[in-house]
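Construct all of the structure, not just a fragment, from the sequences and the given hints.
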Amino acid sequence: MSEVMQSQKESNSSALSFHTQKDRKDLVFVNFGPSHPATHGTLRVLCALDGETIVAGIPEMGYLHRGFEKDCEVHPYTQCIPYTDRLNYLSAIMNNVGFCKAVETMLNVEIPERVITIRVLMCELNRIIDHLVCVGTNLVDLGALTNFWYAFNPRESVYNILEKVCGARLTSNYIRIGGLSRDLYPGFETEVEAVLDEVMVGVEDMEKMIENNRIFLERTQNIGVLSAEDAISFGWTGPTLRASGVESDLRKSEPYYGYETYDFDIVLGSAGDTYDRIYVRFYEIRESIKIIRQALKRLKPGPIMTADKRVALPPKEMTYGNIEGLMNHFKNIMHGILPPMGEIYDATEAANGELGFHIVSDGGKNPYRVKCRAPSVMNYAAYQQLIEGGMIADAIAILGSINVVAGELDR
Amino acid sequence: MDSELLQRVFPLFIALALALLIPIVFIILSRFMGPRTNDPVKLSAYECGIQSKGQVGDARHRFNVKFYLVAMFFLIFDVEVLFLFPWAVWFQNDILYGFVSMLGFLGILFFGWYYLLKRGAFEWE
Amino acid sequence: MLTNTELQEKIKSLLPGAVIGMTDTYGIVDVETNQKLPQLIQILRDDSSLKFDMLLDIVGVDYSEYPEDKPERYGVIYHFKSLAHGHRLMVRIYLDEDEPEVGSIHDLYKNANWLEREVYDQYGVKFLNHPNLKRLLNHVQFVGHPLRKDYPITREQWLTETDDLMDEMDVRLREKGYR
Amino acid sequence: MGMNPQTINEFPVITTRREEVIAWGRKNSLWPIPFGTACCAIEFMGAISSVFDISRFGAELVRFSPRQCDLMIVAGTITHKMAPILKEIYDQMSDPKWVISMGVCASSGGFYQNYCTVQGIDHLIPVDVYIAGCPPRPEAVFDAVIRLQDKLENKVEGKIPPAQFQAVERRFDY
Numbered sequence: 001m002s003e004v005m006q007s008q009k010e011s012n013s014s015a016l017s018f019h020t021q022k023d024r025k026d027l028v029f030v031n032f033g034p035s036h037p038a039t040h041g042t043l044r045v046l047c048a049l050d051g052e053t054i055v056a057g058i059p060e061m062g063y064l065h066r067g068f069e070k071d072c073e074v075h076p077y078t079q080c081i082p083y084t085d086r087l088n089y090l091s092a093i094m095n096n097v098g099f100c101k102a103v104e105t106m107l108n109v110e111i112p113e114r115v116i117t118i119r120v121l122m123c124e125l126n127r128i129i130d131h132l133v134c135v136g137t138n139l140v141d142l143g144a145l146t147n148f149w150y151a152f153n154p155r156e157s158v159y160n161i162l163e164k165v166c167g168a169r170l171t172s173n174y175i176r177i178g179g180l181s182r183d184l185y186p187g188f189e190t191e192v193e194a195v196l197d198e199v200m201v202g203v204e205d206m207e208k209m210i211e212n213n214r215i216f217l218e219r220t221q222n223i224g225v226l227s228a229e230d231a232i233s234f235g236w237t238g239p240t241l242r243a244s245g246v247e248s249d250l251r252k253s254e255p256y257y258g259y260e261t262y263d264f265d266i267v268l269g270s271a272g273d274t275y276d277r278i279y280v281r282f283y284e285i286r287e288s289i290k291i292i293r294q295a296l297k298r299l300k301p302g303p304i305m306t307a308d309k310r311v312a313l314p315p316k317e318m319t320y321g322n323i324e325g326l327m328n329h330f331k332n333i334m335h336g337i338l339p340p341m342g343e344i345y346d347a348t349e350a351a352n353g354e355l356g357f358h359i360v361s362d363g364g365k366n367p368y369r370v371k372c373r374a375p376s377v378m379n380y381a382a383y384q385q386l387i388e389g390g391m392i393a394d395a396i397a398i399l400g401s402i403n404v405v406a407g408e409l410d411r
Numbered sequence: 001m002d003s004e005l006l007q008r009v010f011p012l013f014i015a016l017a018l019a020l021l022i023p024i025v026f027i028i029l030s031r032f033m034g035p036r037t038n039d040p041v042k043l044s045a046y047e048c049g050i051q052s053k054g055q056v057g058d059a060r061h062r063f064n065v066k067f068y069l070v071a072m073f074f075l076i077f078d079v080e081v082l083f084l085f086p087w088a089v090w091f092q093n094d095i096l097y098g099f100v101s102m103l104g105f106l107g108i109l110f111f112g113w114y115y116l117l118k119r120g121a122f123e124w125e
Numbered sequence: 001m002l003t004n005t006e007l008q009e010k011i012k013s014l015l016p017g018a019v020i021g022m023t024d025t026y027g028i029v030d031v032e033t034n035q036k037l038p039q040l041i042q043i044l045r046d047d048s049s050l051k052f053d054m055l056l057d058i059v060g061v062d063y064s065e066y067p068e069d070k071p072e073r074y075g076v077i078y079h080f081k082s083l084a085h086g087h088r089l090m091v092r093i094y095l096d097e098d099e100p101e102v103g104s105i106h107d108l109y110k111n112a113n114w115l116e117r118e119v120y121d122q123y124g125v126k127f128l129n130h131p132n133l134k135r136l137l138n139h140v141q142f143v144g145h146p147l148r149k150d151y152p153i154t155r156e157q158w159l160t161e162t163d164d165l166m167d168e169m170d171v172r173l174r175e176k177g178y179r
Numbered sequence: 001m002g003m004n005p006q007t008i009n010e011f012p013v014i015t016t017r018r019e020e021v022i023a024w025g026r027k028n029s030l031w032p033i034p035f036g037t038a039c040c041a042i043e044f045m046g047a048i049s050s051v052f053d054i055s056r057f058g059a060e061l062v063r064f065s066p067r068q069c070d071l072m073i074v075a076g077t078i079t080h081k082m083a084p085i086l087k088e089i090y091d092q093m094s095d096p097k098w099v100i101s102m103g104v105c106a107s108s109g110g111f112y113q114n115y116c117t118v119q120g121i122d123h124l125i126p127v128d129v130y131i132a133g134c135p136p137r138p139e140a141v142f143d144a145v146i147r148l149q150d151k152l153e154n155k156v157e158g159k160i161p162p163a164q165f166q167a168v169e170r171r172f173d174y
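Chains as they are written, first to last, in our numbering: chain A, 1 to 411; chain B, 1 to 125; chain C, 1 to 179; chain D, 1 to 174.
Bear in mind the hints are in silico, worked out from the structure with no lab data behind them.
Bear in mind that the values here come from a model prediction, so they are computed numbers and not experimental data.
For each residue, glycine too, the CB sits at the ideal point set by N, CA and C.
Mixed in with the good hints, there may be bad ones.
[Claimed, not checked] Now the stretches of chain D that chain A is said to cover, found in silico as 3 or more residues with beta-carbon under 8 Å:
| no. | stretch |
| --- | --- |
| 1 | 35 to 44 |
| 2 | 67 to 81 |
| 3 | 131 to 138 |
| 4 | 142 to 151 |
[To be verified] Pairwise CB distance ranges, derived in the manner of DEER restraints:
| no. | chain 1 | residue 1 | chain 2 | residue 2 | range |
| --- | --- | --- | --- | --- | --- |
| 5 | C | Asp-170 | B | Gly-34 | 38 to 46 Å |
| 6 | B | Arg-62 | A | Arg-214 | 27 to 35 Å |
| 7 | D | Trp-24 | C | Gln-141 | 56 to 64 Å |
[What the hints assert, rightly or not] The calculated EDC-like cross-link candidates involving lysine to aspartate or glutamate, where the alpha carbons are at most 16 Å apart (straight line), are:
| no. | chain 1 | residue 1 | chain 2 | residue 2 |
| --- | --- | --- | --- | --- |
| 8 | C | Lys-149 | C | Glu-72 |
| 9 | B | Lys-66 | A | Asp-50 |
| 10 | C | Lys-51 | A | Glu-229 |
| 11 | B | Lys-42 | D | Asp-91 |
| 12 | A | Lys-22 | C | Glu-175 |
Right, dumping it as structure tokens:
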């Protein structure tokens, strides 16, 4: 009986699929365009739809190309830092750290212990809010609107802290070459502890909402699967690559800023589908909270700027006290920071993956060429292969899970 | 129509009149009060901001038959639920008779549903 | 994890005549090659002891105003990383001024397609037998290549009509078997 | 709104003009289409979320189709590639429509003075209220919505600068 039913099913499904030979006239061309709730404003895909399935999709980018690289060539190094804020504007401090670390390595500048701990702490805090926004908006695109507020409320409290520390909520511009722009405010540790608990409450609320929610599971499990080889070939790094099961994290493979002394582990997915990419981010938030708690214990009072004269401004009494301080102050301000001539490529583990800066310096005040290696470009390059064959509703779920941030995508 | 029956049904007529009146009033009001500029760009299809010069498809196409079938299935089972409402209101008066009659009605539709399930009409591929 | 010196010897011996120079910029081996670049990258990727399986980035640089004189005006730098062994590599090639072109590696790495389009868009470097060498970041009616040093930063160019991408769509549909 | 307290309890009627009733109705239901492209869009999402709630000013429902909106909030940098799209969507919005330019990038191009950024969206569409800040705090967005509501009711004494300070129609010199 079942064979008959089975064979009928084949004939039935073929009977159901009406067009046997492929004909272009049956396709509907739709612009899943730049101004669309799910494309975060600046991504566009021209889709050829056969019914609901996307037969062919042409992604397009460049709608937020603001000329970051050309602007960096006409500004001195210190003034390039605010431009790096606007690359991945969900986690601005990570871009600052990426840029300043590259320049400091070029200048071979020794940065004090407290600055390293604060940088690690701030990077992990920014990784949390980046993941919160990514998962929050991804679930909103899937229709789970309450998660938007579960994700955004703890994020607002993190923003309160960031605003107290560096004066701006989103574009913090907090890191300087050789140190920090200002020190932490007193009472910072207790507030961070309170916020971490709030983040954990938000994350657990979100997980309770979607854990065995059939709609969520149906719409994300083995949707937009990318195998490990394809992920590597697309140059994927960060949570999306780890969701495909490849263990690659710069904080472990090429540790910087003492990451090898912190104990945290890498979160790995197995199937490389949208479900894994969302859950990898949930668990990475837990790992980041572990790191922040350890970093808080290591915070010791100390200088927040390196003593290296080529980079740091002398203290005020030196500037007004003697002529050497005044000359040093004058030279740093007027001639800026002069890294030696040469090229460098330095990478850090940002929220979306490996954020690398290739800086070419001609010894002058302005960088000769700055190229930002943005993980979002690689994530979006794989988008065509991910959506073709799937339904248009899956394309929205996949786009949310690869977290394409337009600022660093189009630079 | 004796007055007693009219008495009971009259609120229904009021509701019906209101239901007709309100949309018509709004349409007339908006025609006079709302400012209106009908230039061709404004009336063009919304393609997420891309100027669609006709080559982006309109929806008049031969579609896969499964969409039509799903609409039919929904119609059948939605009407079935519709009949449950008056039955649920009246159900308290005579429980045994009500239950048996609805059992017959639901049973017939259950066979239809089971046939569709086994026929694989609900798989969406 | 090969150390840099072993890496350098290994690469020198890979493809005779392909490697021109070898330097070490801040801890990453920097190999300069000539037009044999695609074959060299093919070997670098498939060689078991090297196994550079990830193309991180393709960076274009215009060396026209660089104080230290470089062999040619345009430089294209490829960044590689080997996930298996963990070492990194920079492969660079200098291209002359009037028609800079180099072989495309879009069939070796899947993200190379877009990265090469971006370098073409910003610097005008042509990548031979690239399937779809179009602008990536700037709009279709943009004239010139903005990141060149001789392009003034404030020269704006307006776009009157967005690209409808139908040409790329036709190619893609033909690949999928639609007439 | 003619409403003197003596007569109010005998015969509770408020006498007013048609425009004021319409303005009062529009003011409290400005449905925004968030034309968000960059960092300001993230800050606008913060303004929508429950901590700073934009729905306190009637701008509750964020619609993404231009047919159902009457207020366009341009949040983020508008590049030359995005300019025709912004113009297209503004034209497709149903009348009456207003525009709030959120953030410095939308108002004047911000610190992206280069080949690919539109130096202010008033080159493309008429703007009613500009918000400074990069990105502006959510309170600044609410101040702009309130300022737009006053402009709707023509209660604008002192808020809109006199004629000689208003922006002269810009001439393109490309």
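Here is how each hint holds up against the structure:
For a cut-off of 8 Å, the count of residues in the stretch 35 to 44 of chain D with a CB near a CB of chain A stands at 8, and the three-residue condition holds. For the stretch 67 to 81 of chain D, the proposed coverage by chain A is satisfied: 4 residues have a C-beta within less than 8 Å of a C-beta in that chain, meeting the threshold of three. For the stretch 131 to 138 of chain D, the stated coverage by chain A holds: 3 residues have a C-beta nearer than 8 Å to a C-beta of that chain, and at least 3 were required. Remark: the stretch 142 to 151 of chain D is not confirmed as covered by chain A, as 0 of its residues place a Cβ nearer than 8 Å to a Cβ of that chain, below the required three.
For Asp-170(C) paired with Gly-34(B), a C-beta distance near 43 Å keeps the hint of 38 to 46 Å intact. In this structure, Arg-62(B) and Arg-214(A) meet the distance hint of 27 to 35 Å, their C-beta atoms being roughly 33 Å apart. Checked against the given bound of 56 to 64 Å, the beta carbons of Trp-24(D) and Gln-141(C), roughly 46 Å apart, lie outside it. With a CA separation close to 14 Å, the supplied pair Lys-149(C) and Glu-72(C) stays within the 16 Å bound.
Simply put, Lys-66(B) and Asp-50(A) have alpha-carbon atoms about 12 Å apart, close enough for the 16 Å limit, and the pair holds. Among the hinted pairs, Lys-51(C) with Glu-229(A) is consistent with the structure: their alpha-carbon atoms are about 13 Å apart, no more than 16 Å. Among the hinted pairs, Lys-42(B) with Asp-91(D) is consistent with the structure: their alpha-carbon atoms are about 5 Å apart, no more than 16 Å. At roughly 12 Å between alpha-carbon atoms, Lys-22(A) and Glu-175(C) fall within 16 Å of each other, so this suggested pair holds.
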